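Position chain B against the provided structure of chain A, taking the given hints into account.
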Amino acid sequence: MNAVVTASGLSKHYKNALALDNVSFQIPAGRIVGLIGPNGAGKTTALKAILGLTDFQGQLNVLGLDPRSQRDKLMEEVCFIADVAVLPRWIRVREAIDFVANIHPRFNRAKCEAFLARTKLTPDQRVKQMSKGMIVQLHLALVMAIDAKLLVLDEPTLGLDILYRKQFYQNLLEDYFDENKTIIVTTHQVEEIEHILTDLMFIRDGRIVLNTDMEAMGERFAEVMVSADMAATARQLKPLDERQIFGKSIFLFDGVDQTQLRALGEIRRPSVSDLFVATMKGTYA
Amino acid sequence: MKTVYWLVKREFWEHRGGFIWAPVITGIVFLILNLMGIVSGEVLGARHGFHFGPLEGEDIASKIRSLDPHQLQQVGSALDLAMLSSSFLISVVFAFVVFFYCLGALYDDRRDRSILFWKSLPISDLATVLSKVIAAVLIAPIIVVICGVLTGLAMLLLFTITLSFHGVSLWSLLALAHPFQVVGFLIGSIPLYLLWALPTVGWLMLCSSWSRSKPFLWAVVIPVALGVMISWFNLMGSAGFKSNWYWRDIVARVLFSVFPGGWLRDTAAQQLGDNPDHIGNFFTLSNSYAVLATPDIWIGAAAGIAMLAGTVWFRRWRDDS
Numbered sequence: 001m002n003a004v005v006t007a008s009g010l011s012k013h014y015k016n017a018l019a020l021d022n023v024s025f026q027i028p029a030g031r032i033v034g035l036i037g038p039n040g041a042g043k044t045t046a047l048k049a050i051l052g053l054t055d056f057q058g059q060l061n062v063l064g065l066d067p068r069s070q071r072d073k074l075m076e077e078v079c080f081i082a083d084v085a086v087l088p089r090w091i092r093v094r095e096a097i098d099f100v101a102n103i104h105p106r107f108n109r110a111k112c113e114a115f116l117a118r119t120k121l122t123p124d125q126r127v128k129q130m131s132k133g134m135i136v137q138l139h140l141a142l143v144m145a146i147d148a149k150l151l152v153l154d155e156p157t158l159g160l161d162i163l164y165r166k167q168f169y170q171n172l173l174e175d176y177f178d179e180n181k182t183i184i185v186t187t188h189q190v191e192e193i194e195h196i197l198t199d200l201m202f203i204r205d206g207r208i209v210l211n212t213d214m215e216a217m218g219e220r221f222a223e224v225m226v227s228a229d230m231a232a233t234a235r236q237l238k239p240l241d242e243r244q245i246f247g248k249s250i251f252l253f254d255g256v257d258q259t260q261l262r263a264l265g266e267i268r269r270p271s272v273s274d275l276f277v278a279t280m281k282g283t284y285a
Numbered sequence: 001m002k003t004v005y006w007l008v009k010r011e012f013w014e015h016r017g018g019f020i021w022a023p024v025i026t027g028i029v030f031l032i033l034n035l036m037g038i039v040s041g042e043v044l045g046a047r048h049g050f051h052f053g054p055l056e057g058e059d060i061a062s063k064i065r066s067l068d069p070h071q072l073q074q075v076g077s078a079l080d081l082a083m084l085s086s087s088f089l090i091s092v093v094f095a096f097v098v099f100f101y102c103l104g105a106l107y108d109d110r111r112d113r114s115i116l117f118w119k120s121l122p123i124s125d126l127a128t129v130l131s132k133v134i135a136a137v138l139i140a141p142i143i144v145v146i147c148g149v150l151t152g153l154a155m156l157l158l159f160t161i162t163l164s165f166h167g168v169s170l171w172s173l174l175a176l177a178h179p180f181q182v183v184g185f186l187i188g189s190i191p192l193y194l195l196w197a198l199p200t201v202g203w204l205m206l207c208s209s210w211s212r213s214k215p216f217l218w219a220v221v222i223p224v225a226l227g228v229m230i231s232w233f234n235l236m237g238s239a240g241f242k243s244n245w246y247w248r249d250i251v252a253r254v255l256f257s258v259f260p261g262g263w264l265r266d267t268a269a270q271q272l273g274d275n276p277d278h279i280g281n282f283f284t285l286s287n288s289y290a291v292l293a294t295p296d297i298w299i300g301a302a303a304g305i306a307m308l309a310g311t312v313w314f315r316r317w318r319d320d321s
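First to last, the protein sequences are chains A and B.
Once you know that position 114 of the first sequence is 114 in full-length UniProt numbering, the rest is easy, because the numbers rise by one and skip nothing.
Once you know that position 268 of the second sequence is 268 in full-length UniProt numbering, the rest is easy, because the numbers rise by one and skip nothing.
Looking at chain A on its own, in the form it has when it is part of the complex (with noise of 0.2 Å):
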C-alpha cells in the first residue's frame, strides 16, 4: 500500500516556541486518521507542513509530491476545510460553484448541485447571510464534489451545532470516503468521529505520542473495572490512569496482558476521549 503522507524528521520552530520536533509519521491510503492534542500541540502546523502553507525543516513527502516546491500541481490532489468560516463572505452559492467548477480539474458540478438539493441554500444566497451550519454545508458540498485523493479537515465543526455536527461526519463517511480517498481530520469533539477514525494520532508538544489503528489499540489498552478489595492489586500493574466511579475504580492499563486483567474485573475498550485525558495528563499544569 502506497503512503499519503510520509514525514520524517518534520520540525517547525516559531519565533519563541517549538511546534514540531522531529516528527515521523505515515500514513497509507484509504484511512480516516484522527490528529487529536491539546490546543497549542501542533496539530494545525503539521496540517499547514501537509497542505504547503508553512515552512519547515525535514522531509515531507504528500502523494509524492514536496508541498514546499510543488504546493500549485499538489492542489489539485488534495483537499481542506479549514474551519466552518473561511468562505469568503461576499461571495454567492451560484458564484462559488461556478468558480470551483472552472478552476478546478478534477470538480463534479452534478456532484455539487446534488448534494445542494438536499439543503436550504439557494443559488443567489451569499455566504454572509448564512449561519455557520449552512456554510459548512456549502464548503462540504463543494469538497465533496472534487475528486481528491487527500482530504485535510482542520476542527471542521467548531462552533456548529450537533445536529450539522452528525450530519457533516455521516455525508463525509457515506457520500464521500472510499478505499482511494484519505482523510486526516483534527477535532476536540473525540466522542463523535471515534467510530469513524481508522486510525489514531496523538500529538503533543509537537511530538507523536501516540500513533496506531484503532484495532491495535483495542489490544494495546484496555479499561478495567475494580472493586475497591482489588483496587490495591491493579495499581501494581501501574495504570495510566486511574478514576472512581460508583464506589469502584477504573483502571487504564497500557500493554498489560489481557488475561491478567481479566482476574481484575470487566475489561472494555477505552474510549478515545479518556485514552486522550490520560495521555494528556499534565499538558497545562
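Treat the hints as calculated values from the structure; they're not laboratory data.
Quantities reported herein were computed from a predicted structural model and do not represent experimental measurements.
Be careful, since some hints might not be right.
Below, computed lysine to aspartate or glutamate pairings styled on DMTMM-like, alpha-carbon distance capped at 20 Å [unchecked claim]: (1) A:128 - B:112; (2) B:9 - A:98; (3) A:128 - B:109.
Relative to chain A, chain B alone:
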C-alpha cells in the same frame, strides 16, 4: 489562461461596487449636476431677461455664425474638453477605488481567513496576483473609459440640445467637436495607464501582502517618513540628496500614480505654461505617448514589476492565518 480569466471575474464579483457602480454613479451624478446647471441657467436667464450668449443683445446663433475659423476651432476644443471633463471626474473616483483595492487585495482575505479557502484550490500565487493587477490596471480602466465616453457623449448632446433651443443647429455644433479623437485619446491612454500605474500598484500590493495589520499606514508612513528625514537632512545643509527629487519621483510615483494622466505632468508644465490656447491640442495621444521616450515611466514600471514579484513571494510564504 482560463484560471486567470476566472480569477479576474472573481475580483469583479467581489468589487462590483467599486469597479462598476462607482464609475456609473459618478457619471450619472455628473450628468445630473450639469443638467441642474443648465436648467438653472435657463430659468435665471428667462427670469431676468438675460440672454444666453457671449454678448448682451446678440443672439447666440448669429454670434456663432460670425466666428472665424480659428474661433470655431476653439469652440470645438471647448466641446472636446467638456466631453473629457466627465472622464476626468470619473477618473478621480476610479483612482481612489484602485488605490484602496490594491491595498486590500492581498490583505482582506488574510484578515478574514478566507485565504485558506482560496489556497485550498489549485491556483498559483502568481496567477492570483496577476489577476488582481489585471483587474486594477486593465479591466477597471476599460470600464472607466466606457463610462467616461458614454457620459461625455451624453454631456455633448445635453449642450447641443440646449443650444438648439437657442437657434443653433445641432449638427453644426457637433461637427465642431472631435468626439472620435477624444474617444481615441481615452482608449489609447489605457496602455499608458497600465505602465504608469505599475509602481503604485506594485507598492500597494506589496504592502497588502506583507503587512500583518494596517496596510494603509505602512504604505503611506514608510515613504513619507523617509521623505521627511531626507527633507530634514536637506534643511540641515547636506546637499547629497535632493528631497524634491525624492518627493516627486519616489513618493508621488509609489502612492499617486494610480491617478490617470499623471504622465502628462511634464508636458503640462511646458505646453500650458503661458498659452491656454493650446489646451485643445494638449490632450492628444502623441502628447501622451511622448512620455514613453523618458526613462521615468520605464524605471517605474520595472520597479513595479519587481515589487509585484515580492508580492507573489509574500503571498506564498506569509504564514499568519
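(request) Would you list, in rising numerical order, the hints stated earlier that this structure does not obey? (result) none
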